[in-house]
Structure formats: C-alpha cells, structure tokens
Amino acid sequence: MKKQGCFILISLALTQLLGCVSNLWTGASLVYDRHNVYKKLDDYNLAAVAHHELFDDKVFKQPGCYLDLAVFNNDMLLAGHVPSEALRELAVNRLQKLGGYREFFNQVAVKNDKNNALQDSWITTMIRTQIFADAEINPKEFKIITVDGIVYLMGDVIPEQAERVIAISRQTRGVVRVVKLLNYYNLSETPKPGKH
Numbered sequence: 001m002k003k004q005g006c007f008i009l010i011s012l013a014l015t016q017l018l019g020c021v022s023n024l025w026t027g028a029s030l031v032y033d034r035h036n037v038y039k040k041l042d043d044y045n046l047a048a049v050a051h052h053e054l055f056d057d058k059v060f061k062q063p064g065c066y067l068d069l070a071v072f073n074n075d076m077l078l079a080g081h082v083p084s085e086a087l088r089e090l091a092v093n094r095l096q097k098l099g100g101y102r103e104f105f106n107q108v109a110v111k112n113d114k115n116n117a118l119q120d121s122w123i124t125t126m127i128r129t130q131i132f133a134d135a136e137i138n139p140k141e142f143k144i145i146t147v148d149g150i151v152y153l154m155g156d157v158i159p160e161q162a163e164r165v166i167a168i169s170r171q172t173r174g175v176v177r178v179v180k181l182l183n184y185y186n187l188s189e190t191p192k193p194g195k196h
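So in the UniProt record's numbering the end of the sequence shown lands on 196, straight run, no missing numbers.
Incorrect hints may appear among the rest.
Restricting the straight-line Cα-Cα distance to at most 27 Å, the calculated cross-link-like pairs of lysine-lysine (DSS-like) are [what the hints assert, rightly or not]:
| no. | residue 1 | residue 2 |
| --- | --- | --- |
| 1 | Lys-111 | Lys-143 |
| 2 | Lys-140 | Lys-39 |
| 3 | Lys-40 | Lys-97 |
| 4 | Lys-114 | Lys-58 |
| 5 | Lys-39 | Lys-143 |
| 6 | Lys-97 | Lys-111 |
| 7 | Lys-143 | Lys-40 |
| 8 | Lys-111 | Lys-39 |
| 9 | Lys-140 | Lys-114 |
| 10 | Lys-111 | Lys-40 |
| 11 | Lys-61 | Lys-111 |
| 12 | Lys-40 | Lys-114 |
| 13 | Lys-180 | Lys-143 |
| 14 | Lys-61 | Lys-140 |
| 15 | Lys-39 | Lys-97 |
| 16 | Lys-111 | Lys-140 |
| 17 | Lys-61 | Lys-114 |
| 18 | Lys-140 | Lys-58 |
| 19 | Lys-180 | Lys-39 |
| 20 | Lys-180 | Lys-140 |
| 21 | Lys-180 | Lys-40 |
| 22 | Lys-114 | Lys-39 |
| 23 | Lys-58 | Lys-97 |
| 24 | Lys-143 | Lys-61 |
Here are the simulated distance ranges between beta carbons [to be verified]:
| no. | residue 1 | residue 2 | range |
| --- | --- | --- | --- |
| 25 | Glu-89 | Ser-121 | 24 to 30 Å |
| 26 | Gly-174 | Val-110 | 20 to 26 Å |
| 27 | Asp-113 | Asn-186 | 37 to 43 Å |
| 28 | Leu-187 | Arg-102 | 20 to 26 Å |
| 29 | Gly-100 | Leu-187 | 36 to 42 Å |
| 30 | Asn-116 | Ala-86 | 21 to 27 Å |
| 31 | Arg-177 | His-51 | 22 to 28 Å |
| 32 | Lys-39 | Gln-62 | 19 to 25 Å |
| 33 | Asp-56 | Tyr-185 | 17 to 23 Å |
| 34 | Leu-118 | Tyr-44 | 23 to 29 Å |
| 35 | Gly-100 | Asp-134 | 20 to 26 Å |
| 36 | Glu-103 | Asp-56 | 20 to 26 Å |
| 37 | Asp-134 | Ser-84 | 40 to 46 Å |
| 38 | Lys-180 | Lys-61 | 18 to 24 Å |
These aren't lab readings, by the way, just hints derived from the structure by calculation. All C-beta atoms in this analysis are idealised placements derived from N, C-alpha and C, irrespective of residue type, glycine included.
Between the sequences and the hints, there should be enough to build the whole structure, so can you do that?
This is the structure:
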C-alpha cells in the first residue's frame, strides 16, 4: 500500500514537472523566436486600429452588413457584404487610409443578405482541424477566414503546403469558393552560389 502511494505521488510530481518543462520551452522559444512575436504584435496592433476605425461609430452594425477583418503577416483582409456601394466604399476608404500594411485585400460584396456566422465558423473549424492533423503542414503559417461560405487563405507559405491546404479547403462541406491570398516562397536544398 505504501509503495502504491509513493508511485502515485511520484507520478503526480512528474506530471507537474512536465508542465514546468513545457512552460520553460515556451519561454525559450519566445526568446529565440522574437521575430515572430514582433510580427504577431504588429498584426494585433494593426487589427486593433483597423477594427476601431471600421466599427467605432456603428455604421457597419446595421442590418445587412456583415464584415470580417483579418490581419496576418501584415496583410489586411476585409471580407463580407454590405447592402450598398456607398457603404462598401466607406469601409474600404477607412481602412486604406490607415497604411501600415503590406497589402490590402478588399473582398466586400454589395448585396443585402443575412449572414451565417455559425456555418462560417464551422467551416473554418473543420479546415483548421484537418490542417492540424496533417503532419506535412505547418499550421502556424496559414490564416483561414470564412465569410459567406467563401474561404480566404492567407500566409507566407511553401507551395507544397499551400496545395495541401487548398485541397483540404475545397473538399470541406459547405465551402462555396476558395480565395488564395498567399505569398509563396521556396526552400532550396542547397544554397545558391553568390556573394555572402
């Protein structure tokens, strides 16, 4: 009985230590990977400013307006629909005047339609789940946004991984269309000769 108690106590202690090690590992990766941390902070700050600029006065909270704003790797996406061209132009102008982004993607349609945020969230969740399950894809490199059944893919990615994500997105039930807002880069196996 005493041996069982010791075994349980040691098991609990090891479990707690493993949690500490993972926290240390996270802290170490933050130190070595500060570039990504700064990029994420830049994205967060730009998104906060853009969100404030777009939604502060409640113009776009009226019936028929359904807008989603995303910032990833300093690219800004505005997607959704509004009931008039005047509202579309107002939204685009508010964000374009901000600056501080690498590229601005305007994907706002003019139509008077209901939104289906629950269905859109479900589609995004299904795609993200499949991406996380695929060992050949780095999920941190992709941002997936779904609006009105249209899946928007953002990121700076390797072409092979992008093709896998595009295929997953297209095969997911409920997807109307896939829009690729991706920047591609290649990892060469051998460095190219040149000046260093």
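Cross-check of the supplied hints:
1. The straight-line distance between the Cα atoms of Lys-111 and Lys-143 is roughly 25 Å, inside the 27 Å bound, and the hint therefore holds.
2. For the hint pairing Lys-140 with Lys-39, the CA-to-CA distance comes to about 13 Å; that is within 27 Å, so the pair holds.
3. Restraint check: the Cα-Cα separation between Lys-40 and Lys-97 comes to about 22 Å, which is no more than 27 Å; the hinted pair holds.
4. Our distance criterion of 27 Å between C-alpha atoms is met by Lys-114 and Lys-58, whose separation comes to about 18 Å.
5. For a cut-off of 27 Å, the pair hint linking Lys-39 to Lys-143 stands: about 14 Å separates their Cα positions.
6. Taken as a hint, the Lys-97 and Lys-111 pair is honoured in the structure, with Cα atoms around 24 Å apart against an allowance of 27 Å.
7. Distance check on the hinted pair: Lys-143 and Lys-40 sit about 12 Å apart at the alpha-carbon level, within 27 Å; holds.
8. Under the criterion of a C-alpha separation no larger than 27 Å, the hint pairing Lys-111 with Lys-39 is inconsistent with the structure, at around 35 Å.
9. Our distance criterion of 27 Å between C-alpha atoms is broken by Lys-140 and Lys-114, whose separation comes to about 31 Å.
10. Only pairs whose Cα atoms come within 27 Å are accepted, and Lys-111 paired with Lys-40 is rejected, the gap being roughly 33 Å.
11. For a cut-off of 27 Å, the pair hint linking Lys-61 to Lys-111 stands: about 15 Å separates their Cα positions.
12. Between Lys-40 and Lys-114 the CA atoms are separated by roughly 32 Å; this puts the pair beyond 27 Å, and the hint is violated.
13. For a cut-off of 27 Å, the pair hint linking Lys-180 to Lys-143 stands: about 11 Å separates their Cα positions.
14. A distance of roughly 31 Å separates the Cα atoms of Lys-61 and Lys-140; the hinted pair therefore is violated under the 27 Å criterion.
15. With a CA separation close to 21 Å, the supplied pair Lys-39 and Lys-97 stays within the 27 Å bound.
16. A hinted pair counts as satisfied when its Cα atoms are at most 27 Å apart, and Lys-111 with Lys-140 does not qualify at roughly 33 Å.
17. Of the supplied pair hints, the one linking Lys-61 and Lys-114 holds, its CA atoms being roughly 13 Å apart against a limit of 27 Å.
18. At most 27 Å may separate the alpha-carbon atoms for a hinted pair to count; Lys-140 and Lys-58 exceed this at roughly 33 Å.
19. Note on Lys-180 and Lys-39: the hinted pairing holds, with a Cα-Cα distance of about 21 Å set against a maximum of 27 Å.
20. This hinted pair checks out: Lys-180 and Lys-140 have alpha carbons roughly 16 Å apart, not beyond 27 Å.
21. With a C-alpha separation of about 21 Å, the suggested pair Lys-180 and Lys-40 falls inside the 27 Å cut-off, and the hint holds.
22. Under the criterion of a C-alpha separation no larger than 27 Å, the hint pairing Lys-114 with Lys-39 is inconsistent with the structure, at around 34 Å.
23. Restraint check: the Cα-Cα separation between Lys-58 and Lys-97 comes to about 19 Å, which is no more than 27 Å; the hinted pair holds.
24. Of the supplied pair hints, the one linking Lys-143 and Lys-61 holds, its CA atoms being roughly 25 Å apart against a limit of 27 Å.
25. As the Cβ distance of Glu-89 to Ser-121 is approximately 28 Å, the hint placing it in 24 to 30 Å holds.
26. With their beta carbons about 23 Å apart, Gly-174 and Val-110 fall inside the hinted range of 20 to 26 Å.
27. Between Asp-113 and Asn-186 the beta carbons are some 40 Å apart, a value that agrees with the proposed interval 37 to 43 Å.
28. For Leu-187 and Arg-102, the Cβ-Cβ distance of about 21 Å falls inside the hinted range of 20 to 26 Å, so the restraint holds.
29. Between Gly-100 and Leu-187, the C-beta spacing of about 29 Å breaks the proposed range 36 to 42 Å.
30. Roughly 24 Å separates the CB atoms of Asn-116 and Ala-86, a value that falls within the hinted 21 to 27 Å.
31. The hint said 22 to 28 Å for the Cβ distance between Arg-177 and His-51, and at roughly 25 Å that hint holds.
32. Our hint of 19 to 25 Å for Lys-39 and Gln-62 is violated, since their Cβ atoms are close to 34 Å apart.
33. Roughly 36 Å separates the CB atoms of Asp-56 and Tyr-185, a value that falls outside the hinted 17 to 23 Å.
34. A C-beta distance of roughly 25 Å is found between Leu-118 and Tyr-44, which places it inside the suggested range of 23 to 29 Å.
35. Our hint of 20 to 26 Å for Gly-100 and Asp-134 is violated, since their Cβ atoms are close to 33 Å apart.
36. Judged by the Cβ atoms, the range 20 to 26 Å given for Glu-103 and Asp-56 holds: they are separated by roughly 24 Å.
37. A hinted range of 40 to 46 Å for the beta carbons of Asp-134 and Ser-84 is consistent with their spacing of about 41 Å.
38. Between Lys-180 and Lys-61 the CB atoms are about 30 Å apart, so this pair departs from the stated range of 18 to 24 Å.
Of the numbered hints given earlier, the model fails hints 8, 9, 10, 12, 14, 16, 18, 22, 29, 32, 33, 35, 38; all others are met.
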